[in-house]
Amino acid sequence: MARALFLKPIKGAGGDLPSVMGFIRNAEEIEHYALHEADLSGYAALLLPAHLDQRYFGTLSTKVSDWLDRGGTLVFNGHVAWPMLPEFNAFVALEKRNLENLQIHRIADHPVFAGVDMADLTYRRGVAGFYARGCNPPPPSAVPVLGVGPDRVPCDWVYERPGGGRIFMHAGNDLWMYASDKTSARRIVPQLMDWVLGAAA
Amino acid sequence: MTNRIAALDAGTYYHHRSLYEDRYRGFFDRIVYAPELAETDLTDIDVLIVSCRTDPAVLVPQGDTIRRLLNQGKTVVAMGSTGAQQWLPKVDWTDLPTNFWWWKEGGTLGLEVQAPTHPLFGHIALADATWHYHGQYAPPQGAQSLIGVTGEGSVFYEDRVTTPGCMLVTALDPMYHHGSYFMPATTRFLDGFLPYLKETHKLA
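Each protein sequence line maps, in turn, to chains V and S.
Just so we're aligned, residue 1 is where the first sequence starts under this note's numbering, counting upward by one.
Just so we're aligned, residue 1 is where the second sequence starts under this note's numbering, counting upward by one.
Chain S on its own, in the form it takes in the complex (with noise of 0.2 Å):
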C-alpha cells in the first residue's frame, strides 16, 4: 500500500522541473496549480506537497482547503519559503539571515538528526539535508523534530498532535535549487524524501 501523494505547482519553471520531468513525475499522482487547490477534489490523496516558495499569498485565502485534509487524517508537507505559519496551525517561525557561504568559509552549517530512528532516515542522510536554511522553527509541544541547528530551533519537524492529520514542516527548499540545476545535495533530498512520503511514510 503506497501513499497518494498530490503537489502543488505554483507555476515557477523549478517546480516545473521537479515535478513533471521524468525524474520524480511518478510520484506524483495529481499535480495540481496552487491557485485551483481550493476547486480540486482531493478525496483519493493520502498527502499534499506544498511546494517550496508556494507564494502565502495563494495558500492564505486557500488554508481552510489545508486544514480540512488534516482534520481528515491526511498528512500536508510544508516545504521551505511557504510562510506555513500562515495557514498551518501552531507553527512558530524565526526568519534569519541565510549564511550560504559556510562550506567556503570552514565551518559547518550546525544541522543534526534529532530522531535517528524516524524512518525518513532509512531514506536520507544529514548530509542530503545539508545546504542552507532561511530560518528555523519552535515545534509546537509533542511535535518532534528530525533535523535542527544544535541548541536552537529546528529546520524539520513532524506534528501529529495538534491535528487528526500529520504535519511535516521544514525550512529546507529542494526543489528550488533542484529544480535551478544548482546543489546537489538538493536533487538526493528528493531522491530519498519523495520515495520516504511515497511507501513508509505513515498515515495519522
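If we strip away everything but chain V, and leave its shape as in the complex, we get (with noise of 0.2 Å):
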C-alpha cells in the first residue's frame, strides 16, 4: 500500500494549525526538523506545510531530488522564498489585490479539483483572498491548473519532471485546511490523496 508524508510545520504555542491526520488514511507525518533523517524510499508522496523553514528544506535538495527522480510526487504548499529545488522559482505576488484579482479560475481539469466550485475557493464567509495572491512561476512545460485574477496567473500547477517524479505546487496556505469546508472545497483533501498516491493518475 503506497503511503505519502506530510511534514508537521513549524509552529509557536498557538493551536490553530490542526493536523490532517484525522480526515486521510495511508499517511503520516513527522516532526519538521526530522526530514533530513527520515527515509523517503518509503512513501509515494511528501507534502509540504506552508509553514516551512525553506532554508532548512533547501539543505536536501539533492535528497528530495533523487527521490523524485525515483517517482515519488511532492506537494508544495506556500510562497517560494529561498532556493529549494531547481524547478521552484521566487513567488510573484499580484499587483493589484482587488476583488477581480483575487477571483480563482480553472485552467485544466485536474482530479484534486473535480467537482470544486472555483467561487469556494475564491471566497471564505465572502471574503476573497485566501487561496491565493500570486504564484511561484512554473517551468516552462507544467500544467497550469488553477489561475488567480483575469490573467489567469498559474497559483497552482503540476510538473511531470522528465527525469521522473510529480510536482504539485499550490501558491497559498495549506490545501489541508480546507479538510472539514462545509463546500465543495473539502472535496480537495481526499481527491489529493487519491492522486498522490497513485488511485487517480
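No wet-lab data here; the hints were simulated from the structure.
Any given hint might turn out to be false.
[Unchecked claim] Some but not every residue of chain S turned toward chain V, in silico, with C-beta under 8 Å:
id, residue
1, A10
2, G11
3, Y13
4, H16
5, R53
6, D55
7, A57
8, N71
9, Q72
10, Y181
Just so it is clear, CB atoms sit at the ideal spot from N, CA and C, and this is done for glycine as well.
Hints given; two lone chains; assemble the complex.
Now the structure itself:
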C-alpha cells in the first residue's frame, strides 16, 4: 500500500494549525526538523506545509531530487522565497489585490479539483483572497491547473519531471486546511490523497 | 543614538518578505537564521526580535543565549506564536480560540490601549494592532500591559522588572500576515513598531 508523508509545520504555541491526520488514511506525519533523517524510499508522496523552514528544506535538495527521480510526488504549499529545488522559482505577488484580481479560475481539469466550485476557493465567508495572491512561476512545460485574476496567474500547477516524479505546486496556505470545509472545497483533501497515492493518476 | 536590532529568520516565506525586502530591511543591523542564534555574536546588538511563529523547538535549546542578552540589559521582543513561555522567564500564557471573523459579525475584538502614555503609541494606533490574537498573557507583577482585552488579559506587555533587560512580549503576529500579503493592519503595525524599536525604545 502506497503511503504519504506529511511534514509537520513549524509552529508556535498556538493550536491554530490542526493536523490533517484525522481526515486521511495511508499517511504519516513527522516533525519538521526530522526530514533530513527520514527514509523517503517508503513513501509515494511528500507533502510540505506552508509554514516551512525553506532554508532547512533547501539543504535537502539532493535527497529530495533523488527521491523524485525514483517516481515520488511532491506537494508544495506556500510562497517560494529561498532556493530549494531547480523546478522552483521565487513567488511573484499580484500587483493589484482587488476582488477581480483575486478570483480563482480553473485552467485545466485535474482530479484534485474535480467537483470543486471555484467560487468556494475565491471566497471564504464572502471574503476573497485566502486561496492565492500570486504564483510561484512554473517551469515552461508544467501544466497550469488553477489561475488567479483575469490573467490567470498559475497559482496551482503540476509538473511531470523529465527525470521522473511529479511536483504539485500551490502558492497559498495548506490545501488540507479545507479538510473539514463546509463547501465543495472539502473534496480537495480526499482527491489530493487519491492523486498523490496513484489511485487517480 | 539609535538601537541596533537583530531579527531572527526562521526560514519561512513570510520572514523572507518581512525581513529582507526593502520596506523594512534597513531596520535590521543583523538577520540571524534562528537555528544559528547561539553561535552568533550579538555583542553590538541592543534589541533581538524573535520573529512571529519561530518554532519554540528551535528556541528552547537556545534559551540561555536569549536570557544572557536580557542579563546584559538588552531588549528581547517575543512576537506572536513563538511560545515565549517556554524560553522567557515569568511568562504566563493562555491559549484561546482565535476569533478571525469579529469584523464580519458586527462585533469588536475588545482590545484597548492600557498604557496610553507609553511612547509606543506615538508610533502605532490601536487600529494598527487590531486583527486577531491567539491567546492572552497575564503579565507578572510590575510589568506593564500596553494592549489588552478589556477585563481580561494582555496581548502586548513590557516587563522591565523580571530581568536586568527589557522584554516586550506580544500575542500579535504581524510578520506572518504582512509576509503573506494579507491584512493591511499588520503592515501598519510594522510600519510603526519597527521605527519605535529603532529610534524611540529606551533600553533598560
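Status of the hints after comparison with the structure:
1. A10: Because about 6 Å separates A10(S) from the closest Cβ in chain V, which is inside the 8 Å limit, the hint holds.
2. G11: holds, 4 Å
3. Y13: Where the cut-off is 8 Å and the nearest Cβ of chain V is about 4 Å from Y13(S), the hint holds.
4. H16: holds, 4 Å
5. R53: holds, 5 Å
6. D55: holds, 4 Å
7. A57: holds, 7 Å
8. N71: violated, 24 Å
9. Q72: Since the shortest Cβ distance to chain V is 25 Å, the answer is violated.
10. Y181: holds, 5 Å
The earlier numbered hints that this structure contradicts are 8 and 9.
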